[in-house]
Structure formats: C-alpha cells, structure tokens
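Let chain A serve as the given structure and place chain B on it in line with the hints.
Number of protein chains: 2
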Amino acid sequence: MISKKMLDLGTKRSVIRDIFEYGNKLAQKIGAENVLDFSLGNPSTPAPDEVANIIKEMVTNLSPKEYNSYTSSPGDREVRIAVSNNLNTRFKTDYTEKNIFMTCGAAASLNIIFKAIIESENDEIIVNTPYFPEYKVFIEGQGAKFVPVKCNKDLLLDIEAIENKISINTKAVLINSPNNPSGVIYPKENIGELVKLLNRKQKEYNHPIFLISDEPYRELVFIDEHPTFLPNVYDNTLVAYSWSKSLSLPGERIGYILVPGKVKEYENVFAAISGAARVLGYVCAPSMFQKVIKHCVSVEPDISVYRINRNILFKELPKMGYKAANPDGAFYMFIKSPNDDGYDFCERAKKYNMLLVPGEGFGMKEYVRLSFCVETEKIEKSIDIFKKLISEYDGEK
Amino acid sequence: MISKKMLDLGTKRSVIRDIFEYGNKLAQKIGAENVLDFSLGNPSTPAPDEVANIIKEMVTNLSPKEYNSYTSSPGDREVRIAVSNNLNTRFKTDYTEKNIFMTCGAAASLNIIFKAIIESENDEIIVNTPYFPEYKVFIEGQGAKFVPVKCNKDLLLDIEAIENKISINTKAVLINSPNNPSGVIYPKENIGELVKLLNRKQKEYNHPIFLISDEPYRELVFIDEHPTFLPNVYDNTLVAYSWSKSLSLPGERIGYILVPGKVKEYENVFAAISGAARVLGYVCAPSMFQKVIKHCVSVEPDISVYRINRNILFKELPKMGYKAANPDGAFYMFIKSPNDDGYDFCERAKKYNMLLVPGEGFGMKEYVRLSFCVETEKIEKSIDIFKKLISEYDGEK
Chain A
1 MISKKMLDLG TKRSVIRDIF EYGNKLAQKI GAENVLDFSL GNPSTPAPDE VANIIKEMVT
61 NLSPKEYNSY TSSPGDREVR IAVSNNLNTR FKTDYTEKNI FMTCGAAASL NIIFKAIIES
121 ENDEIIVNTP YFPEYKVFIE GQGAKFVPVK CNKDLLLDIE AIENKISINT KAVLINSPNN
181 PSGVIYPKEN IGELVKLLNR KQKEYNHPIF LISDEPYREL VFIDEHPTFL PNVYDNTLVA
241 YSWSKSLSLP GERIGYILVP GKVKEYENVF AAISGAARVL GYVCAPSMFQ KVIKHCVSVE
301 PDISVYRINR NILFKELPKM GYKAANPDGA FYMFIKSPND DGYDFCERAK KYNMLLVPGE
361 GFGMKEYVRL SFCVETEKIE KSIDIFKKLI SEYDGEK
Chain B
1 MISKKMLDLG TKRSVIRDIF EYGNKLAQKI GAENVLDFSL GNPSTPAPDE VANIIKEMVT
61 NLSPKEYNSY TSSPGDREVR IAVSNNLNTR FKTDYTEKNI FMTCGAAASL NIIFKAIIES
121 ENDEIIVNTP YFPEYKVFIE GQGAKFVPVK CNKDLLLDIE AIENKISINT KAVLINSPNN
181 PSGVIYPKEN IGELVKLLNR KQKEYNHPIF LISDEPYREL VFIDEHPTFL PNVYDNTLVA
241 YSWSKSLSLP GERIGYILVP GKVKEYENVF AAISGAARVL GYVCAPSMFQ KVIKHCVSVE
301 PDISVYRINR NILFKELPKM GYKAANPDGA FYMFIKSPND DGYDFCERAK KYNMLLVPGE
361 GFGMKEYVRL SFCVETEKIE KSIDIFKKLI SEYDGEK
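Protein chains in written order, with this note's numbering: chain A, 1 to 397; chain B, 1 to 397.
Bear in mind the hints are in silico, worked out from the structure with no lab data behind them. Note that the structure is a prediction, hence the values are computed from the model and not measured. Errors might be hidden in some of the hints.
Given that identical chains are not distinguished, each listed pair holds provided it fits within a single copy or across any two copies.
List time: in silico SDA-like cross-link candidates among lysine to any residue, alpha-carbon distance up to 25 Å [claimed, not checked]:
no. : residue 1 : residue 2
1   : LYS351    : GLU396
2   : LYS381    : SER304
3   : LYS145    : GLU360
4   : LYS4      : ASP235
5   : LYS4      : SER391
6   : LYS203    : GLU50
7   : LYS4      : PRO208
8   : LYS56     : TYR70
9   : LYS203    : ALA82
10  : LYS56     : CYS296
11  : LYS378    : LEU62
12  : LYS136    : ASP158
13  : LYS201    : ALA27
Only chain A is shown next, with the shape it has when bound in the complex:
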C-alpha cells in the first residue's frame, strides 16, 4: 500500500534524532540545565544581528510582493550575483550568476546534484569515511550505489583505498571538509593527491568523475590553513553550500549549488541541475532568505564560542588519555572510545546525563561524536565526567 523503503526510513529514524529526543525527555525530568546534550549540530550561536536587521528593514520598507513572490527557479538574479561576487573576492574566481543555483539548504543541494548526475543504478558515488549519515540515504534514495572508503589513520583521505574503489561506474567522489563528524580539514597535499588520482582516472575511463564538495562548515575553521577551494584545483567540481552553520540559519533552509564554468559541458550540467530541482519539487529557494543572503553574504560567522569550547576539550581530553581527530574546523570532536566500542561509551556517558552519538552511523563504530556547538558551561561540566569515564576503563584492563 505504501513504499516499504520510505516506511523504513521514516520508522528507523536517524540515531542522532533519537538521542536528541531522549535528551528532550530527560530535560523534562531533570531540567535542561542538567542534561549535557552534545548530540545535535544545531548552532548555539544565534544568527548575527545583520540578519534580523535586514529582515526588519524589508518588512518595514518594502511591499511584501518584493520579497514574498516566486523567484526564478535558480534564484533571484541579484542574489546570485552577490553570491558569485563574494566567491570571486575570496577565491580569485570569475563566477557570475550563471554559476549559482540557490537551494533549500545543503540537503537539497546534494539531492539535486545526485539526481542530476545519476544515470543508472550501476552508478557509484564514493564517500569518505567518516561521513554524515544522511549521505547514504540521499545517494541510495536517488538511485546510485553508496561506496564508503575508510580514512587513513590520521582520519585523512586514504588515496590508495580510494583508488581501489574507483571503477568505470564511479560517477563522483564526495568530500566534506571541514568534516562532520571528525572536524578534520583535508590538507592541501592530501587534496592534491586526490586530484591527481581523479585526473588520471578520468583519462583512463574517458569520462568525467565529479568531485562533490559539501561545504556547510567552510567558514568554521580554527587553524591557519583554510580548506582548499576545490573548484580551483579540480575542474569537474560541484559545490553544495549552506548557510545553516555559518550564519546559524539551519531552520531557514538556504544554500546554493556552484557549477563552475570549467565543469565539462557546464551548460548541460547546469540545465540538469535545474531539471533535478524541478522534478524534486524545489520550486525556488525561500525568497525572503534569498534576499537576506544578498545583504549578509559577506558577514563573517561568529565562531568565538565554538573556539573556546574546542580549546577546552582539546586541551583536557588528550591529557586524560583520549584519542581524537584533529580539531581543525566545524564544531565536532570525534573521540575514540577507550575500548573501541562507541556504543558502549555512549551508554556509559548516559549515566552522567551526557549525550554523545555513537560513531557507527558515521561509518566508524570505535568512535563517538561530540557536538560542541553548546554553551561553554556545559563543556566545562563535561570535563569531570570524561575523567570518570576513562577511569572506568582503567579498572577494566
């Protein structure tokens, strides 16, 4: 009577959401201030004042028709010009509005890209582990094979492992840097090796392999080396961007797809993106927030709280003996469970009302993910708990 696949996806909800709801119930029982909920990537820093200010200005001075009406399906032209200019300034590129397709956030961007490029059920998309769990849902939902490739021991791209998985059916490689859940930024050299591999394989198979760059965390960086802007090093790059994290607008569903002019058959790819958005029911990106972006595209995100939290965690936890991925960007700490069992660690943390996400959904079950986009007070409270937790394992050895 209904699709079993959809029923499964709706019933077996994401582990992250389940923990989040467990946290909500716990909060009702013992008070929200007593729950250390590190499960969700919901920014704790509010959107910058510029956002509320420009909205107030719009609703005060403009006719609603100027901001509530349909835009063209790739988005308002002036908004797309503003986005392309911002990229040009930062990355020395020469994009125009014709390279930008405004979307309802990164999940929409990715689904539209997958729908646009997937031709048959034999198509494969390589994803680097650890990965955002919904990648699997989106790729399989749009009809291709999800091919995970495990990272190397430093949680960077394992180029040899990727090479082993590339085949004539490889449609794209998906990269997410800064990475959710690890926070790792793939260094320039690591990216360089991947690019070399992809160029070689494109020639070998005589067809393009897309590099899809999922960049919701591009602006959330704590180290000097910013993530490589991939379109500048690999021609067939498609970028999926979202302002959910950088401007703290996760509920507003606003982002874009960048289709650089260097992409092979750029015009056809852009047209296929338009067709995919159409067939998925994405009529246009929310119009008022498109206009917000026009005015706020150059606003720098405030990552000061995330930086404080990150510094506390990465100072204290390794001292206790925890192993964690490099704290380069995003707002996640990916911590190895002392006994290599992420589920077990999460269960033990629950006793202290501390909520983490087991790594299995991200493809690495020996880890747990901690989201530090929370009040610093909660991070400070967590330190003692982490001490107690690791000492539990000491006793067991």
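Here is chain B on its own, set in the frame of chain A:
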C-alpha cells in the same frame, strides 16, 4: 555523464515559464505597463499585513535561535497544533499535530506523498484533465505512471472515464479543486460519485486507493458552495496544502500534508511521509515562516481584486461569444479558442502584447489559460483585445 531525463527537464522548461520570460523581455522593450501578461499564477495581492507584522515582532523581540533553528522534521509542534485546530474549527474534524506534516509548499507536499506511496513502476496515478502540468513531471519523476482522464463537457470529473482507467495498479486519484487551469470547483454530487466509485474499487481490488487533494486554491472561492473537504467524505484522503496563493507567500515555500487518522494504516502512512521527506532532502519546512503560519493560520485571504477581475472577464467575454469554464474559484479563466487551437489563439494574442498560456500543457489543446491575479487595469485593457481577436475568426469562417 549526467541524467538525460534531468537535462531534458531542465532544457525543455515549462511553457508557462517560457512565456513569462518572453513577457519580461517584451516589458524591457515596450514598458511593463504595456504588456498584458496573464501567464503566471503569481498572486498580485500582497501578503496580508499580519504577516509582516508578526515577522517584525519576531525579529524585534525574540532571540534568532527561537525562529531560525531546526524544527523537528514534521514541523514545530505548536505550529502543527495551530494548523490542526484551524481545520477542526472549519471542518468539524478532530485532528491533532500528529496529522500535520509541515512542508516546503505544495510541490514538496505532492512529491513527498508520491514518494511515500509509490511502490513500483507499475503503479498508476490518475489525474483529471485539465491539470497543472507539473503533476506529470512529479509523478513520473517519483517513478509511477501518469494516467490522465479527460473531464466531461462541463469540465467536471467524468466518472465513467475514470472508472475505465482504474485498474489493480491504481495507487491514487489526484484531485485539484478549485482547479488550475479551469477555476472549476467539482460540485458535491460529482465528488460523491467519485467517492462511491473509489470505495467500490477499493473493495474489488482489496487494497486502498488514495484520493490526493491538492488544495492551494481552497480559500480562493467566488461562489457559495465551497469545495467539499475530501477527508470528510473519503477515508483514504491525503491533502497537499500550500499558503502560496491564500496568503500570497509563493516564494516562501510553506505548506503541509494532512494525513487524517481515518487513513488506513495511518501510522505507517505518516511514517512513510517522514521517510520520503527525509530521502528527498526536505529537512524541515522553513522555520520562520512556520511560525508566521502559527499566527496567521486564521487570516482570511483578500480575494477582492481577483473577484473584480473575474467579474469583468466573465461578464464581457461570453457576451462576445467566448466559451469558458465555470468561474468558481482560483484565479484562472480557461477559455476555448474559437477555432479549437489554443496555440494559434496565444500567437494571435501576442500581436497585441497579451500573453496567455496554450492549453496543451494542461492536457486540453483547444483552450488557453488566463491568470487574472493581476492589476484590474490590465484586465480592463484586455477586453478590447479579446473583441478584436474573436472578430478575426469571424472573418475566417
């Protein structure tokens, strides 16, 4: 290298959009005031003041985290309660938030429903002609067969014709009343016959047949008899709603799916809806506009301009000899071309800088669609042109 289907959909854009862009170019040449552009269903009446007022109140008094954050995927609980209460008051129902799934507008609602219920490529969805052209794109895009059934001579549901097309593979019948492009509201008796047929066929095939009610025009009604609220007459009804037209918020992408408790296996259907939204990348409906809806769900739409326009057109055009569908609701007039060739009529109208949409895309090539959601002045200007146009045909007979 990319999906040919998506390329086609992105290249052969909708006829409506093409005419709209032709109109934009014409406006640049001769001035917008001289183009009688009746091509798009973009509301000319701005959103009611209540919308701007509540937004101003939110951005002035609340922390951005209260309105920009993720909501749960079916939507903010209080918003869904407000929507269900509004339905309960108007339609004497007993819905709760558990029957409402907030979406990014009607196109999202429909795609999510199709994705949730379609099980195999043999599944068929019956659509009544004339129909909104994107129905075909959405249904085929989600993997089912699009089965159009022509209306009867009064542009109502042809029950016998529908019966002839119902088969063991019929998954759903899609109804749109008030109808785009005809403006017709299917009368109670007509709906009653359909319901009888569907109940009989459900028994015969021993599986549910969904009735999908696409209701963006529910509130835009010019006659005393309002459209039947389908969930009250047929148990397996799913409603796709949008505030695009009723609150003039087409760019904001805000609507809902109603899954009544009487739907067979209601819980599974609601779960499949959640799964489908997830797999299509609809993380949540835009959060600020969810909250706008909470406050504006009872605001009555202002249809006064549409009513004036409709009255002028339906007084003048039939007098000249034009035949048109009943002017019951929505903001469209569906006019029969004097020589039964809608394309020809549209081409002739272009000479007078009047832009209409040929009926073929709606499944009836002998008609043209006129959108009267425009300034009344333009409707008045059109009257003389319609006179000239019909006299052209007189000379040809």
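Evaluation of the provided hints:
1. LYS351 with GLU396: within (18 Å within a copy, 87 Å between copies)
2. LYS381 with SER304: within (19 Å within a copy, 60 Å between copies)
3. LYS145 with GLU360: within (19 Å within a copy, 38 Å between copies)
4. LYS4 with ASP235: between (39 Å within a copy, 21 Å between copies)
5. LYS4 with SER391: Result: close neither inside a copy nor across copies, 45 Å intra and 58 Å inter.
6. LYS203 with GLU50: neither (47 Å within a copy, 59 Å between copies)
7. LYS4 with PRO208: This pair counts as between: shortest inter-copy Cα distance 15 Å, intra-copy 34 Å.
8. LYS56 with TYR70: Both: 20 Å inside a chain and 21 Å across chains, each within 25 Å.
9. LYS203 with ALA82: neither (36 Å within a copy, 58 Å between copies)
10. LYS56 with CYS296: both (14 Å within a copy, 18 Å between copies)
11. LYS378 with LEU62: Answer is between: at 23 Å across copies they meet the 25 Å cutoff, but 42 Å inside does not.
12. LYS136 with ASP158: within (19 Å within a copy, 44 Å between copies)
13. LYS201 with ALA27: For LYS201 and ALA27, neither the intra-copy (52 Å) nor the inter-copy (50 Å) Cα distance is at most 25 Å.
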